[in-house]
Every structure is written in C-alpha cells, then in structure tokens.
Amino acid sequence: MLVYTGKRLVLALLVAFTISVLSFSLLFLAGDPAAAIAGETATDQEIERIRTMFGFDRPIWLQYLEWVGRAIQGDFGRSYYFGMPVTELILSRIPVTLTLAGSAMAFALILGIPMGVIAALYPNSIIDRVALTIAVCGQALPSFWFALMLIVLFGFMIPILPPSGSESWQHFIMPTVVLGYYATPSLMRLTRTGMLEVLSADYIRTARAKGLFPRTVLFKHALRNAVIPVVSVAAVEFGFMLGGSIVIETVFALHGTGYLAWESIRRADFPTVQALILVFSLFYVVLTFVSDLLNAWLDPRIRVA
Amino acid sequence: MSRILEVENLRVDIPLESGTLHAVRDISFHVDKGETLCIVGESGCGKSLTSLALMGLLPTKAIRTANRLTLGGRDLGTLNETQMADIRGSRMAMIFQEPMTSLNPAYTIGNQLAEAMLRHRKVNPNEARERAIYLLEKVGITAAASRLGQYPHQLSGGLRQRVMIAMALMCGPDLILADEPTTALDVTIQAQILHLLANLQKEFEMGLVLITHDLGIVARVAHRVAVMYAGQIVEEGTVEDIFRRPMHPYTQGLLRCIPIPGKTARGAHLGSIPGMVPSLIGDLKGCAFANRCPHAFSDCNTTDVALREASGGQRYRCLLSQEAAEQNAREAATA
Ligand SMILES: Nc1ncnc2c1ncn2[C@@H]1O[C@H](COP(=O)(O)OP(=O)(O)O)[C@@H](O)[C@H]1O
Ligand code: SF4
Ligand SMILES: [Mg+2]
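As they're listed, the protein sequences go chains P and L. Mapping the first sequence onto numbering that gives the first Met the number 0, position 157 (from 1) lands on 156, and the numbers just tick up by one. Mapping the second sequence onto numbering that gives the first Met the number 0, position 249 (from 1) lands on 248, and the numbers just tick up by one.
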C-alpha cells in the first residue's frame, strides 16, 4: 500500500509540474501581456515601460522559474484588476466553490447510488424505468436553462429561495440541485450496471449460502464491489463540477472561484487567471490521487499494482 | 443411524419461452448421519439445481416442489426465506465448483470465515477467529493465523477451495453439499481435496452430498451412490452394489472403463456413451435413456418407467427384469 501510494504521489507531482508550465505559458499564448495590461489607447513607449516594469523583457525560462518560485510560496502576484494579492483573492473565493461542488456531489451520490441500487434490484420494473427517464432527461437538459427555470419557479413565482448571491445556505440550494443533477445520471447508471453484475457473482451466492441477512449480502458483499467504478467516476465528476461551477456560479451570482475566473478572463487579469488554472488543475490532481487511494482501499487487488 | 436429509419427489421446473424445463424430475433420496452420498451424472442432468434446491438458492425463476424435504426432521418446504437463511450456513452448508470466484475479493479470508459464525452463533469476534484458525489448520493450511489477513487473490485455487471447506464447517453443520468441488482445480490437487473432504466428513460425522465426475473418488469415499440422468435418478444404491452390480444400462455405460472399486485410476472420468440427452423441456414419453440404450426394446419408447427395487435394496429405473439386468451387468463387466 505504501509503495502504491508513493507511485501515485510521484505521478501526481509530474502532472502538477506539467500543468504549471502550461498555465504559465498561457500568459504568452494569449498575446503580448504588456500590451494587454497597458490597454488599447496606450503608446508604444508606455507599453515598453510596462514591459520592463513587469519584467516581460527577460528570458521566458527565467520568468517561469521566478513565477514557480513565488507560486510555491503561495505568491501569485497581484490582481491587475483588484490590486490585491491573487492568493488572498482566490482563498476568499474557494470556500464558496468547494461548498457548492461538495454539496452538489453529496446530492448526486445520495440520489444516484440508492436509485442505482433500487434499479438493479428490480430491473425493468417501474422504479427502474422512472430512474432511467430521470437519467435521460438529466443528460438532455442544458444546465443554464434548468438553472433559469429553477430561478423563475422558486425565486419568483413561488419565492421560497433567494435567486442570487452567496450569503446564506439557502443561496446554495438551487445551485447544488442544478450542478448535482448532472452528475446523478452517470453515477446512477454506473451503480445499476455494477450492482447487476455483482449480484450475479459467485461470491454473492456464497454469501447467501452462509445464511447472511439480505442487508449484509446487499451492502457488505454487493455494494462494496459495485461502487468501485463509481468512485473513479465520482472523482472525475467532482472535477467537472468545479469546472461546471463557472456557469452555475455566474448564473446564480455565487461569489466563488468559477465566477472569479469568468470575471478575470473578461478583464484580462492574467495573474488571477494563471493562478486559477493552476488551482483548478491541482484540484483535479488531488482528486485523482484521492480516488486512486479510495479505489485501492475498496479493491485489495489493486494495491499490489 | 439417524436420518439427516430426506427428499421425496423433488422437482425443479424452469419456465422458459419455449416451454417449461423440467430440470429435476421427482427425485427421492436420503442421507444419514456420517454418510456420504455421491451424485454422479453427465453435465446438465440437474445435479447443481438439485443441490441449490436443497439450499433454497435456486435462480428466482425456478420453481421447487417436493412431497417431502426435511433436514434433521425439520420440514424445509414450508420455511420462508428468513427461516431458510437461519438454516443455511448453520445446519447445512455448501461448497461450490468455482473456488476462484466464490470468495469476495474485497474482504479478507478471516472476515469471510468469521462472518457465518457471527451470524448464526452467539460468539464474539475473537471466538470466531479462534475457530477459523482451528479449521484452517484442519483443512491443511499452514500458518493459519497469518492467512486470516490475506485476500482471496493472494491464494491459489486449491487453497481457496480449502478455505471454502473451512468456511462451510464454521458452524459445525449436520450436512455439507459439495457441488463438483474439484472440477475447476488442477488434477494433482483434486484427489487431495476430495480426500480431505471425506476425512473431515468422518471426523465430524456429518452427512455429505458429494457431486462429482470422478468415479475413482466415488469408489473410495461414497457410502451410497445416486446416478442421475436427464433430471431423474436412474439408479441408487450402496457403493458396493452400484460398482459390482450396476443394474441400469446407463450406469453400466458409465462404469464400463472402471468396474471394480479400489482398482480405479485416480481422476478417471465418466466413460462417454454415444448419443444425445433428450430435451428436458416438456414431458418425456417412455424411458429417458431409450435413444442411447443398447438394450432398448419397443416398450421403452411408450411405457413410463418407474424405479424398481432389486433384491438388496438397490433401486433402478428400467423395464428390464432383475435377472436380465444382472446378466447385462456381467456382460458389461467382462466386455
Ligand atoms: N438459470 C437457468 N435457467 C435456465 N436453465 C437452467 C438454469 N440453470 C440450469 N438450467 C438447465 O437445467 C439443467 C440442469 O442444470 P444443472 O443442474 O446445472 O446441471 P449439472 O449440474 O448436472 O451439470 C440444464 O439443462 C441446464 O441447462
Ligand atoms: S427402460 Fe429400456 S431404454 Fe430404458 S434403460 Fe431400460 S432397457 Fe434401456
Ligand atoms: Mg453443475
């Protein structure tokens, strides 16, 4: 298990390094950063002054090393727009995004796994059909439209929920439902297929032959094995949720990192965008790492790999 | 001798689109305390479904009926699923054909061994652990205590089957059902495992229903033998009777290559008999074996054949008289 963890960790670090190069390069791929900062009306002289002031005239590898050096210490420079340190800016927004993604994931799991289990226990029954219909609809509805429908319905027609902002937990209900709803179908279907497969496994027959209670057979012996693939997908879905939070946070005006990313791209606030890309990517890396460990914990056969 | 298992007119029907498949057709047998009953027969003749029917583990669409189905005098036919679960793994346990897939990959051997005992007996985890170690040693696994923390994928097929045997013994059952427990294993290990099972059966004085293809093993470990063909028992009797004087033409065919107990090669398989097994869907007319039987005559295709009892208690399902059958047995043995 220790060797396995070590291997996964090295892999995660390599991915993190690659991402840092990419996110740094973004600054230059997007065009001349000095010109962008100076604005459309600036003279060539002003642009040059900004170039030397920000150090854009020095070799790129040196700039990269400096950037990484500072980034490791948590210093991503100052936001061009807010003027405050990017780190402080992002840290103030992360809780909102994590709360949203976390509650959306919980929503999706709490809905998806039981529905998948029930659908597998009664295949082709009415329950299975209803679950399948919900799943198909979930994949077909555009999220912003669903979000707007909810806002119209519960924000204005039956005004029981605040339509925008991030001040209270009530503000998170609708965004959670919208964001979580999209992960539910895949988790549900994966649970259903996994359960159907596992329930016909020989070791389930063994468990029943031991006279174990149906709930022990179902939860201890079947579900544990059926959720192994669900864990990997849930981790990926969680990553998508962080990405999807850009749309959802914008629609619901939730002041999280997604909303910040959207604003910063519009304002050509490069240090903020760079840092956000790195932060988002590190989320993915950490998620993959955690899901690998979870998988190894759930499936002992992986641990030797 | 006390009777552990009694089965009378057990039927298993599976409704299919093309009609009802009568997989097990009115079979009757019994097992006494400390007795080994071997069930032999070609694959597809209903051996597995018979054992699953006794355990109450049939596929959901299969329908079980029986005039009598008792374990230690207790009527299993009237039990609901919960009451049946109380008996499974406790009074009666089963060992399956596929050791590689019969253990849950996610839990340790120790966990899976202890679980049946914790379910059925009032013991604490430590006592269950002690019993698991004791039984692992009994089934010939070395360093038993350290095996408890291992996962199934860390063990070979032979070891896993030993674990399955230990698992079946956890609650000290009265009856063990073993469905071809060695078919999936290496030939060199097969005999070891079967002897182990036979020895444990003796030591713990359990009833054992052993389903096997290995007639050499049958000759060594069985007290009584039931020969199945197309869902029916076509012959049943003591191992001596069956091997010395097989009355049914099918049994004679099976034994053609190995007629004498004690002289049979290890791992010897059923002799192959030319012809096809009749379809099990719908009703059979006449003798099920008629299309393959070397002694068939015209009545065999039209008359329903009941089990008849030969002198000495051996039962066989054939229209031939005892004298004619014995004559055929002698000819088969010398052929
Ligand atoms: N789940 C099932 N559905 C339909 N037919 C089945 C099922 N299980 C077994 N059968 C049929 O029942 C018959 C007996 O099967 P089985 O008891 O497994 O035979 P054996 O163990 O003697 O090889 C076979 O013809 C088989 O095809
Ligand atoms: S009844 Fe006829 S066909 Fe059937 S086994 Fe006897 S002789 Fe052969
Ligand atoms: Mg079988």
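Just so you know, these hints were derived from the structure itself, not from any lab. We put the CB at the ideal spot given by N, CA and C, even for glycine. A hint or two may mislead.
A partial selection of chain L residues facing chain P, derived with a Cβ cut-off under 8 Å [claimed, not checked]:
no., residue
1, Phe28
2, Met54
3, Gln82
4, Ile86
5, Ala105
6, Arg118
7, Val122
8, Gly148
9, His152
10, Thr182
11, Ala183
12, Asp185
Listed below are the simulated DSSO-like cross-link pairs for lysine-lysine, each with C-alpha atoms no more than 30 Å apart in a straight line [to be verified]:
no., chain 1, residue 1, chain 2, residue 2
13, L, Lys284, P, Lys219
14, L, Lys201, P, Lys219
15, L, Lys201, L, Lys121
16, P, Lys219, L, Lys32
17, L, Lys137, L, Lys121
18, L, Lys284, L, Lys60
19, L, Lys60, L, Lys137
Hint by hint, here is what the structure shows:
no.	hint	in the structure
1	Phe28	20 Å, violated
2	Met54	6 Å, holds
3	Gln82	10 Å, violated
4	Ile86	7 Å, holds
5	Ala105	5 Å, holds
6	Arg118	6 Å, holds
7	Val122	15 Å, violated
8	Gly148	11 Å, violated
9	His152	5 Å, holds
10	Thr182	14 Å, violated
11	Ala183	11 Å, violated
12	Asp185	19 Å, violated
13	L/Lys284 / P/Lys219	48 Å, violated
14	L/Lys201 / P/Lys219	34 Å, violated
15	L/Lys201 / L/Lys121	26 Å, holds
16	P/Lys219 / L/Lys32	34 Å, violated
17	L/Lys137 / L/Lys121	22 Å, holds
18	L/Lys284 / L/Lys60	25 Å, holds
19	L/Lys60 / L/Lys137	38 Å, violated
Checked against the numbered hints above, the structure breaks hints 1, 3, 7, 8, 10, 11, 12, 13, 14, 16, 19 and satisfies the rest.
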